[in-house]
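One line per chain: the protein sequences are A, B and C, in this order. When you line the first sequence up against the numbering used here, it's residues 6 to 312, in that order. When you line the second sequence up against the numbering used here, it's residues 6 to 312, in that order. When you line the third sequence up against the numbering used here, it's residues 6 to 312, in that order.
Errors might be hidden in some of the hints.
What the hints assert, rightly or not - Here are the computed lysine-lysine pairs in the DSS-like style, where the Cα-Cα straight-line distance is at most 30 angstroms:
1. K94/C x K36/B
2. K94/A x K257/C
3. K206/A x K149/A
4. K36/C x K304/A
5. K118/B x K257/A
Unchecked claim - Covered by chain B, according to a simulated footprint, are these stretches of chain C (three or more residues, beta-carbon under 8 angstroms):
6. 38–48
7. 65–77
8. 97–108
Don't read these hints as lab results, they were simulated from the structure. The structure presented is a predicted model; accordingly, all values stated were derived computationally and were not measured. Glycine included, C-beta positions come from ideal geometry on N, C-alpha and C.
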Amino acid sequence: MKSLIDILDLTTQELDELIATAQDIIANPAKYATSCHGKKLATLFFEPSTRTRMSFEAAMYELGGNVISVTGAGTSSAAKGESVADTAKTVSCYTDIIAIRHPKEGAAYVTAKNATVPVINAGDGGHCHPTQTLADLLTIYREKGRLNNMTIGVCGDLKFGRTVHSLINAMSRYDNIKFILISPEELQVPTYVTKDVLEQKGIPYVQTTDLEAVMPELDILYMTRVQRERFFNEEDYLRLKDSYILNMDKLKNAKPDLSILHPLPRVNEISVAVDDDPRACYFKQVLNGKYMRMALILKLLKEAGQL
Amino acid sequence: MKSLIDILDLTTQELDELIATAQDIIANPAKYATSCHGKKLATLFFEPSTRTRMSFEAAMYELGGNVISVTGAGTSSAAKGESVADTAKTVSCYTDIIAIRHPKEGAAYVTAKNATVPVINAGDGGHCHPTQTLADLLTIYREKGRLNNMTIGVCGDLKFGRTVHSLINAMSRYDNIKFILISPEELQVPTYVTKDVLEQKGIPYVQTTDLEAVMPELDILYMTRVQRERFFNEEDYLRLKDSYILNMDKLKNAKPDLSILHPLPRVNEISVAVDDDPRACYFKQVLNGKYMRMALILKLLKEAGQL
Amino acid sequence: MKSLIDILDLTTQELDELIATAQDIIANPAKYATSCHGKKLATLFFEPSTRTRMSFEAAMYELGGNVISVTGAGTSSAAKGESVADTAKTVSCYTDIIAIRHPKEGAAYVTAKNATVPVINAGDGGHCHPTQTLADLLTIYREKGRLNNMTIGVCGDLKFGRTVHSLINAMSRYDNIKFILISPEELQVPTYVTKDVLEQKGIPYVQTTDLEAVMPELDILYMTRVQRERFFNEEDYLRLKDSYILNMDKLKNAKPDLSILHPLPRVNEISVAVDDDPRACYFKQVLNGKYMRMALILKLLKEAGQL
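Put together the whole structure using the sequences plus the hints.
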């Protein structure tokens, strides 16, 4: 049974195919409106993430399928002491595909090992969130017409931001990519990303604390939220959260075709004045996330022999 | 994008059209069974209101559409610091129409300003709850065959009861309406309703504390719940909550064609013995609420070019 | 209006018909894929039970119907003081059939008395859980090809385990059944089951504390979870919970065609090593529960004149 736990579970060819499917869905939605008729998606959310859950459910409905939604999953059988493995086996009796969100790293993997239906990791702790990365990739592709030959700035909390690590992993596979890593020193990308991914693959990167200084070089600027829940104390959070706020002034030396991405939700790290700038792509990214989840659901159900 | 935030957003003609549509839905449900096929309603409930949410979801299903249900919406992105405006933009990517319930006044308005799909206010704090008023209007219309020429008694908590204010606002538009406002002195209709609506429009009204004395005059008796959560202290609640309990004895001088309405849920302000009286209309009102929500969803999706 | 509150509400003939329908659903799922088109099931869960809720919702979707899901039902209208009777009348306006789970015994019965649509008891406190028993019966029937002529061992918490009492009640109707009741003395089957059911019907039974000693006799072994929430103090729970753990070693003298059932979720009362033994039927039981719920929904909607 093929599942998606980590973005690296997909080959570059598979990523390209998902992007192609998503593009076709966008062009011909009616063609897909009954693709998953009679199929059921379980959204099994052990921690709240309304945005991600809605995206999966919208995706399944636009494919003509149904959804069984389990929010606060931890309040039920799990609370009675049931193992993740048993939950996986049971939910497989009720649905054709599972999207699971869990606060513990590895929970999605254990679910996939025990389920008899495909499993999609919809976020497991600070670990992986591959469908966010699919949204990011489709957005870059649609904005630039390519996934190679570009300079990508990632800004904000690069230490705890799993979306950043996933994006770096995924984009590292394409040719002629340069990364500019913009963050306070306390929140730099961990060495298991810089050493083990970037340096090992010989991909050029720069680390800096100065967003404005590097702005003119960027083709993509990937902003991230400084998440309160990732900090060990409130003081550090308050001191750092406003360090890298993007506003129109900081954009004055940016390229005219810069694409600004953000995994959302944002707090205040992008000024709302930026929303009206044509370079702001973060709400397009939300839509693209839905299309990539549609493409992914189709792919996994097909490989499971269900479509 | 046309939305419904306050009952006064609708013209009298639009109200009449909604009533006509609802009547047609009741007469020919099969005609509407696939009207919203492929469309998605988001029920975005930041505070619990199972009854209202079920009514919206039943309405959408009876129109052949799908539903993405978000209860406890405040536990997710909003808790991470996301603005109502961003939530509105994001949810617009996932669904075709939004019903929002929020404890803060104005939240539905801000959502409508930022969403790219129609928004229905499903209750915002003590402010508005227009679809309840739509249910009330259809019930009056179906019971009486008219919306003019009648004496309407409203009884109970008239100070905090938003459904009462909304009903007065809506019925004030029709000819030859007289209001009898029955409440303890502490819970009288605010002057911004008596002065600014009733007196300005020259609509006759009486304020009284005595339900039985005015009973014989009434064509409509609109009972309301004394809501514990609207009181500042428990003592006042306990002293007043039982003041205006409707029972068969109080009905002995009522007109034979009186219609008794209540927005529900009731605690004990209407004795269950009244339920079997043909004048009790409050469960019919529940059904009528579903039909008016169907009519409203159809209207807003049509005006948004989605149907 | 026919509802299902207690397994004994169904005659033996009705049980047989439900099993026949479920068998036909399993053989010809496509035949039933639109049976409930346009119908709505409410899953009204006043306490969490994700597994049971998912089973009902999957059942309704596989019949082509829709679902309105109310989890944490107690947080809304009920919390505002609404009676179960009023909730029943209201939900009847929104849906065609109701599955209710409630922590209080009798709540499902009161709901059924007041609803105008069929009601299925999805568990009311320690009282009844008839659809679990339906799952058990179909599993026994599919594994053995019969419901008579067998020795059934029930093991674990037989005092508080409502599924056990229900199973004994249901199987007592078939010919030539013998029960072996295996539990610590503190958790024996109550006398209102042994005296009032088994002895009154002249059904042979044995009470023992020794699982291994009786293993060779069993055709069915029904294991149950020792539920922490049923104990009055933590000490008793800890002392007894591990008393009756089924592992491969204890199975060495079991019949080759033994069928092992468990209502799930399990904590550790069946070792995971047993899962791979062909005699383990508890995940099949999960699937069977879905099919019996499909058969039941069909039956009740038909009898209500809705299909």
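* **Which numbered hints fail** => As far as the earlier hints go, not one is violated by this structure.
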